[in-house]
Amino acid sequence: MENSFTINNLNLFYGDKQALKNINMDISRYEVTAFIGPSGCGKSTLLRCLNRMNDLIPSVRMEGDIIFDQENINKDKIDVVQLRTRVGMVFQKPNPFPMSIYENVIYGLRCQNIKDKNVLNKVCETSLRKAALWDEVKDRLNDNAYGLSGGQQQRLCIARAIAMEPEVILMDEPTSALDPIATAKIEELIQELKKDYTIIIVTHSMHQAARISDKTAFFLMGEVIEMGETRNLFHVPKDKRTEDYITGRFG
Amino acid sequence: MRKLNIKDIILDGLTYLFSSVSILILITIFIFIFQRGFSSLNLGLFTSPYWSQNYYGTIPESNRIFESDVNFDKNEFYSEKYGIALKDDFNARNEVIVVISYIHPDSPFNQLINASSGINEGKLIVAEEGMIVNKISYITSNGITRSAGPVLKQNAEETIKTINQSIQLDSAFIQTQGGGIMGSLIATLMLIFISLAISLPIGIMTAIYLNEYAKYGRFTPWIRSSIELLTGVPSIVFGLMGVLVLFPITAIFGANGTSIFLGGLTLSIILLPTIIRTTEESLKVVPDSFREASHSLGANHSQTIFKIIIPAALPGILTATILSIGRIIGESAALIYTMGTYISDKPELLKGATSLAVQIWSIMNGDQPNFGLASAISIIILVIVLGMNIGVKVLTRSKVKQW
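Top line first, the protein sequences correspond to chains A and B.
In terms of the numbering used here, the first sequence has 59 at position 59, counting the first letter as 1, and numbering is strictly consecutive.
In terms of the numbering used here, the second sequence has 1139 at position 139, counting the first letter as 1, and numbering is strictly consecutive.
FYI, nobody ran anything at the bench for these hints, they're computed from the structure.
The beta carbon of each residue, even a glycine, is placed where N, CA and C say it ideally should be.
The reader is advised that the hints may include incorrect statements.
Unchecked claim - Listed below are the simulated EDC-like cross-link pairs for lysine to aspartate or glutamate, each with C-alpha atoms no more than 16 Å apart in a straight line:
(1) A/Lys93 / B/Glu1292
(2) A/Lys77 / A/Asp55
(3) B/Lys1307 / B/Glu1292
(4) B/Lys1307 / A/Glu103
(5) A/Lys93 / B/Asp1288
(6) A/Lys21 / A/Glu223
To be verified - Pulled from the structure, derived: some chain B residues nowhere near chain A, Cβ distances all over 10 Å:
(7) Phe1038
(8) Gln1111
(9) Phe1219
(10) Leu1349
What the hints assert, rightly or not - Some chain B residues near chain A, calculated using beta-carbon distances under 8 Å:
(11) Ser1289
(12) Arg1291
(13) His1295
(14) Ser1296
(15) Leu1297
(16) Gly1298
(17) Gln1303
I would like the entire structure built from these sequences, with the hints used as guidance.
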């Protein structure tokens, strides 16, 4: 299968501290790839490399290649804004903007200076439909997004990312702030979305990784210990450390 | 049984004692000001000028009786012959005055013709209730012109009695009461407008630069601490700087001395540290997750700032504005140099005037300090500042954790 991302020899430093050590990884298209591992192991950091969100942190230094669509995105020259429209992101805590539901969904389009009302309305509807939120909010698109429940807010954030028509959606522990029912809805949604998008999800829950992902990468201390088909990784881990982690001996 | 610890008792006692002393001081200030100022406080204060206007007018002939069905108080004295009622009163300096308390619609006092030379000569004087009567000249049956009124130490009753015995009235010397704050009120509003128009854009943009563009810059901490240092500079020093440094700027626009413009410029510099700090605090409160989400959706830096960060920080920016207005209303030292102390009833941008606070200074600085008016203005300032502070409280409370 075609690769969405190819990562070669990626090293990342926060000041003097090395957070990612020599990462090599292929991420396939139209699949769900899960990153698991204990806290501080570098999985979120790697995720944020994929749309250059680490640029917002001033002390970060990166070495190595991240190939996306035949282009190395770990260069100064690339258009970060354009990259981010192609690689969307959903965060740990639902973080809608303090404005209406409608404005939230079309915020990315507005930033691209798209002003055509018909286009905006259409994108808003399709995005909310894809995020399985349309039926719940179609009558109150102009209400403040903070009137929604946590799970709805997170699906709104997914809709907001989808509105940009990205190729990849990065999800950084998208369900860690949600209750089990909302979590189940999001997981169901991810299954639906992977038909159209490549999804990379960081999760603390090994059960979630096992339920929803096709491939899983296990991180420890900034290194990828093991990566493979989710089924294989959970049933016949090759590395002792992976086995210890998934059987709950640490972490 | 609780053990009584002498040390604890002393400490507790001191705490209660000193806190009640501070509350007592506050209450005393309020009671003092209200007692002195409350009687001077009325709506006319806001609309009347400070300086009294003098009018000298000739009174037309009249040969009828002006009957009136108005019920006069026993301290009001009505002349049916001329259709005017006078009463005794005190002015703000507690001097005895005679004021007009009623004018009959057809009274000759409604047709006074200005007799003092100047551009207004020959024009109609609008005599109003509340004006001070200084002198009324009348013609006796012998055809001699005599005077009545306070200039001859007559009170209202005596004045009315005297003119009732006359054949005809000749002229009247009347003046408006004055002592109002209209000029200072307008000057203060102009001052608020000028200072905010200059300092808000500069202050807000500086705060945005410090918090959003140069957050981790090498010089940012230095800039920030120098701005904080400015907060501690006494305002009179800013006033001095205004005279020396900012006056040439106002001179370009045609000011040739103290002016509201110069005061506004000086105040806008005094306000900058407060505005920068308050705005920066409110920008800091905007969660980073908003910035991340905006960037992740392909917004660039300035889109993120102007579409997300500033709207989210708006309550804080509003707080900065209100605090600034409070500061402008309360400031006096810096304005004495830059705006002058001469109370102007028709303030102009490039001329000197007083703000409300400086008007207090001017009133109290004269030969006859006017405690009543000064206290009345103090009450007005106190009420405005109190309102501002409550506004800030309400705003910051409604801001609390929407996200």
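TODO: Would you check whether B/His1295 satisfies its interface hint, that is, whether its CB is within less than 8 Å of any CB in chain A?
DONE: This hint holds: B/His1295 lies near chain A, its Cβ roughly 6 Å from the closest one there, short of 8 Å.
TODO: Please confirm whether B/Gln1111 is truly not at the interface, meaning its C-beta sits more than 10 Å away from all C-beta atoms of chain A.
DONE: Since the minimum Cβ distance to chain A is about 64 Å, B/Gln1111 lies beyond 10 Å and the statement holds.
Task: B/Leu1297 as chain A interface residue, shortest Cβ-Cβ below 8 Å - done: With Cβ-Cβ at 4 Å, under 8 Å, it holds.
Open item on the list: Does A/Glu223 sit within 16 Å of A/Lys21, going by the straight-line distance between their CA atoms?
Closed with: The hint holds at about 5 Å.
Open item on the list: Using the nearest Cβ pair, does B/Gly1298 come within less than 8 Å of chain A?
Closed with: For B/Gly1298, the interface hint holds, since the closest Cβ of chain A sits about 4 Å away, which is under 8 Å.
TODO: May I ask you to check that B/Phe1219 keeps its beta-carbon over 10 Å from the closest beta-carbon of chain A?
DONE: At roughly 14 Å from the nearest Cβ of chain A, B/Phe1219 sits farther out than 10 Å, so the non-interface label holds.
Open item on the list: Checking one constraint from the list: CA of B/Lys1307 to CA of B/Glu1292, max 16 Å. Satisfied?
Closed with: holds (13 Å)
Task: Hinted pair A/Lys77 and A/Asp55, Cα distance within 16 Å - done: It holds: about 13 Å lies between the C-alpha atoms, which stays within 16 Å.
TODO: Measure nothing beyond the straight line between the CA atoms of B/Lys1307 and A/Glu103; if it is 16 Å or shorter, mark the hint as holding.
DONE: The hint holds at about 11 Å.
TODO: Would you check whether B/Gln1303 satisfies its interface hint, that is, whether its CB is within less than 8 Å of any CB in chain A?
DONE: It holds, given that the least Cβ distance between B/Gln1303 and chain A is near 5 Å, below 8 Å.
Task: Non-interface claim for B/Leu1349, where every Cβ of chain A lies beyond 10 Å - done: It holds; B/Leu1349 is separated from chain A by about 40 Å at its closest Cβ, greater than 10 Å.
Task: Reported absence of B/Phe1038 from the contact zone with chain A (all CB gaps over 10 Å) - done: holds (45 Å)
This entry satisfies every hint, going by the numbered hints stated previously.
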